[in-house]
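Student: Just so we're aligned: 578 in UniProt numbering is position 578 of the sequence shown, and the numbers increase by one with no gaps anywhere.
Treat the hints loosely; a few may be bogus.
[To be verified] Distance condition first, Cα-Cα at most 25 angstroms in a straight line; then the derived DMTMM-like pairs of lysine to aspartate or glutamate:
#1 K905 with D881
#2 K89 with E130
#3 K868 with E884
#4 K374 with E465
#5 K168 with D234
#6 K407 with E371
#7 K477 with E1241
#8 K538 with E426
#9 K456 with E425
#10 K815 with E1207
Keep in mind that the hints were calculated from the coordinates and are not lab data.
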Amino acid sequence: MDKFHQNILKILRKNIVVDIDVHNGIIKPLQSEYILTEQHITEIETGTTKQQKAEILLDILPSRGPYAFDIFRQALRHHYEWLSQDMDKLEENRKSFNDIKYMGTPTLPPISPLTVVREQKTKQLQYYLEQLQPNGYVVLHGMKGFGKSCLTASTLKDTKFNEVYWIKFGYKRSADEEILIQLNRLYHLVKNLEILPESLKPELLKDSLIHFLKYHFSRENHCQALLILDDVCDSKIIEVFDFECKTLVITADLDLVLDKRPSVISVNYTLQILWEGCPFQVEEMMLDLCHKSLAAKQWNDELRSYIYGVHDLLLCHLRKKFSKNELIKMHQSLIEKYRKYCNDDFSKLPADNYIYSYIGYHLQQAHLYEEFPKIYLDFDFIQATVVNSGLNNLLFDLNNYRKYITKNNDPIYEVRFTDLEKFLEEQASIIVEHRRKKCLDIVQIAMNYSYDGYVKETAIKLARERSKHLYIFHNKKLGQMYVPCSEETSTEIYTTCFAYDRDLILIGNGSGEIFLWDSVYKGQKIFSGHDKNSKIKKIVISNEEDCFLSLDDHGIVKLFRLSDHENDEHNIAVLSPRQKQSSWSGIFTSTIPPDDSLITFSIADETILDMTFTHDNNHVAACTNRGTIRIWDHCGNILEDHSHNPQSYLKNIAFTMESNLLHIMDETNGVLISYCKYDKEYQYLSQYNPDLQKKNIIFFRSVPNQNNSLFIVTEEKAVYIKWFRSSNNHMHSYNKQIRANVEDKKSVYVCASLTNDGQYIVLADSSGFINIWKVDVGQQPIATYKSRVCSLDTFWLKKEGYHVICGSENQLLHKWKLPVQGTYTSIRKPVFDALVQGFGGAPDTVVTETLSNTIIALRGDKVIAESKPIDGKISHLILSDEREIIYVTDKGIVNFCDIALKNNKCILTFQSNVELVKILNILDTSVHKVIICRATDNVWVNINRTYSIEDTGYVISIYEIDTKYILTVTRDGIIRIWYASGSNWLRRRKVTVGSPDIVTIFSCLSYEKRFLTVLNENGDVILYYLQYDTRTVPVSINITEHFRKKYSCKLTCCEISQNEKYLAVGFESGEISVIDISMQEEIRKLCFHTSSITQLHWAPSTVEIPILLSVSSGELVWWNITLAIYLSKPKRIRHIMNRSFSTPSVDGKVYVNSHISASQSVDSHMCDMQHQLEDNTLTNDVPNLSKFWRSKESKDPRHSALLAVVELPSNYFTKVCISADFTKFVTVDIYGSISTFTLCEYN
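The whole structure should be built from the sequences, with the hints applied where relevant.
Tutor: Structure follows, in structure tokens:
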């Protein structure tokens, strides 16, 4: 408690001690708000008289925090009003708060004594105010009477500001008149003049007032001022009072301020809307019900607030007290009050953890059937519902209220409903993932939907209406398309296991619970028993499918029984509150966690690492971290114990030969240990070293239908082990065969599963790909799916002839159908190239490899050429121009192909793989195109003949500076400038980036060829300036380091904007750093991607604003960097660097050439395409291009610079080819399908 309030209590101490009885409404409020603890109350009770108890209370209060005074005064208000009034008077006499100079009010607005202190909201507002920058906005949003102004005044007590101007708007006058009066008021506050009376018309003109105030707040000593706009009801107020200082807006209409991309704090509560009361009244009523045991109160950590509940039995009793018509009217009343709150736009219902989950129920009970199609077919409502209550809840409502949404099966509405439901189910993985990333845009996802119909047509219509936002069209042709069936669950998934039906899946979460999930009816049954702080690692179902084992990360195994198949009740009419409400709490559940398990298996002082059933399900076997193997019977009795070295880490266990053989993997020693069953006991038989190089084992299982084999998967490879047994049961002739290796060394296998027919192994890696291999032949995957799963299981539908593969990702379950015959095949890593034409230009030319290992060339939708099958695997493919192709195979052969003439010839042959191919347009007496290749450490050039360039080093990048000069960057960080004259290359300049043992991983050259950026594995970003030196003959090029930055995260790529003002750097973490080249400092960190950045592209400088495209394996993202920077208040540059004569002074010049940077991240033919824009016939559209991009705003204030996100088709290493005018984007997925993305409404 602050000293001021302590002094008030000292002044009034005598009166308080004489008058109050602490048991008369004083102790309970203080206890409920955590001011007093049980220990304090016990201390108070030691007083023998009411005066002594009051004195003890007053002694305790000063040490109980900053809110103790207000809560105590609030408690006095009911029975000792005279005392609380005395406290008010003494507080009002205070001249200032915390020595802050508040402009516009001698003190802050008085805090109502009825105000309930909300610590979480206060801290949230305080944090946002502390983070607020000039030209930034914070919005406090809520209905009238919710205590927003009091919350602000209370928060500002503990927030330091040099200046605060509080402007309170009224509703008695027109908006224009109110604006003039408040401008006048603010002017006089700023000038420190006496405020004019409200009746007096302002003498200064509106424009003059605005001009003066903008000038005032632009000054350095005033730009940090806080301007509070209270009770804003008109968007004109926001526009007029935009003085580029720090602004706090208090309003009931959030839409008025969204264009300013504010930080938003909402103050809304369900019961306040329903009862139309202030927060204090609502909480007083609920506390009264709690004291009478008619309701219960509980703190919710996720919501950071109290929640209330009423027991089902009491609700049932209360419902019987009302007639049917009375109940209908009550539901109608609730709907109308929410309608009033959201101004009849149900997509703007409050995020109160209730209404989005139950609006369908209340509409049905209110008999407001006509509202269903208007609400549930509205895309904005669909998006808001998914965001606030989840996709699963929306799908359940659609199914439950189908007859109302379709107007009793009206054919038109049936078509709309069916298309919407199919869209939501097929796009579930994208919708849920974008919800998790907080970038959900249903309209954009629907525009990319594969099928024409109501959903796609509605999305395109809405996108065209919302012209201020960026939307992208997606056109897909050729190849296959396989979409998994995905569904959202109510919990984070750690492991999965099919039960006895393909639609019933056991799910283990991170809170010690197992869910039996019904994929058809979206219902769930929960099995409890594990510690709430444990994670479920593994679930194994018995062969009889009547029970299952679960293992947690504490090393505890439990046995649970599944319901009988015949008695299962799948058709669940209503989802449980736990499923419908994301922040549900079981107020009336027992504090003692239930245990639904039949038996618990554990080993004292050891951690069980794996467990399994015997084939007859009568026994359970487990192994531990300290070398113990134990076997129990089905009643939990210990049958056998086998002990190895206590240092042995027995990681995995499995049975073969119908449980006659028991196998354990000793990860410490890297050996496979086998036991054989003799009579009723297992005895040591043999051991075998499969040479797994002590890699972490993620999968260990016997192969179904095979008695003498195991399948082991480590993080690096999948191994099939087979053995033979002699007549004396001796195991011999072990045969180890590697079935699969992880291809990308940066990836590892994370989970695996065998199909129940023993024919296929399913492997998932950390790069987000699931590959299916034949168990007996490990050549190539027979199918590939894209998803970043953490667990896998399979279910065999033998009669139907296919398998169902299930994988989990966060809260998502994915299912794929794997036909036994005719499986889905993929190219895995298709190489392609494209010549992408600008808007309204000729058809695009695309060349790509096919499933039959040929190269196909398309112009638009027409196949113009196809090669014969290629001998070897294609490693590089370059479309030189519309008719010439260069491709390289893994056998080191470089081929040239003329599309028009359909001829093919070998031009270079190497003994090793070709790792770099580049086409340069060097002016030569005989030929302009020069093909440059690198194999190992040699660079080879082909003009009319082939020759080698000496002393180039291990080149990773080659750039053409002009017709004579070539720049190379090597892996060990050496930059060289070469003077090229035919086959004679002379080295003119050499610069070393750093230590030769630090690997250079990427480089890019700006379009104007003045800057070169180099990235290395040490996290260094080095920018060099290139400048011609005319003092030498011939002219040479100097390379000067401009600046160097170091990052702790791994770098992946970079790109310099065409006007050379910005440098974008991509990270393996998915973040992007934007660096101002002239300021030499990072001005923004863009955070959205969750996987590595693979490409960065800046829009042409003719756009006139910095538009950036970032590419990862999962998505394309467009950014407007200006929306993330406070351009009106630029940072003052500290002049701490002395520039040499060769160091550039970068200005803001905008170049007329609209070239995309000719870096290694762009295909070699791109620069030629760019020059087309210099033609007058193509530059006529430049103003439209600039106008288009300037008009685009962020869709979400939380991502101020983010314009649009589009999910990419499945791919391994994402490559995107872009048109010169930045209007078209082309890529190819793992199935060979060509995807073209274009800008919506650009013309």
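Student: Hints first: check each against the structure and report whether it holds.
Tutor: Each hint, compared with the structure:
Taken as a hint, the K905 and D881 pair is honoured in the structure, with Cα atoms around 17 angstroms apart against an allowance of 25 angstroms. A hinted pair counts as satisfied when its Cα atoms are at most 25 angstroms apart, and K89 with E130 does not qualify at roughly 31 angstroms. For the given pair, K868 sits about 16 angstroms from E884 by alpha-carbon distance, which is consistent with the 25 angstroms threshold. Between the alpha carbons of K374 and E465 the distance comes to roughly 19 angstroms, so the proposed pair stays at or under 25 angstroms and holds.
This hinted pair checks out: K168 and D234 have alpha carbons roughly 13 angstroms apart, not beyond 25 angstroms. With a C-alpha separation of about 10 angstroms, the suggested pair K407 and E371 falls inside the 25 angstroms cut-off, and the hint holds. Of the supplied pair hints, the one linking K477 and E1241 holds, its CA atoms being roughly 22 angstroms apart against a limit of 25 angstroms. At most 25 angstroms may separate the alpha-carbon atoms for a hinted pair to count; K538 and E426 exceed this at roughly 28 angstroms.
A C-alpha spacing of about 15 angstroms is found between K456 and E425, which places the hinted pair at or below 25 angstroms, so the restraint holds. Restraint check for K815 and E1207: satisfied, since their Cα atoms lie roughly 19 angstroms apart, inside the 25 angstroms limit.
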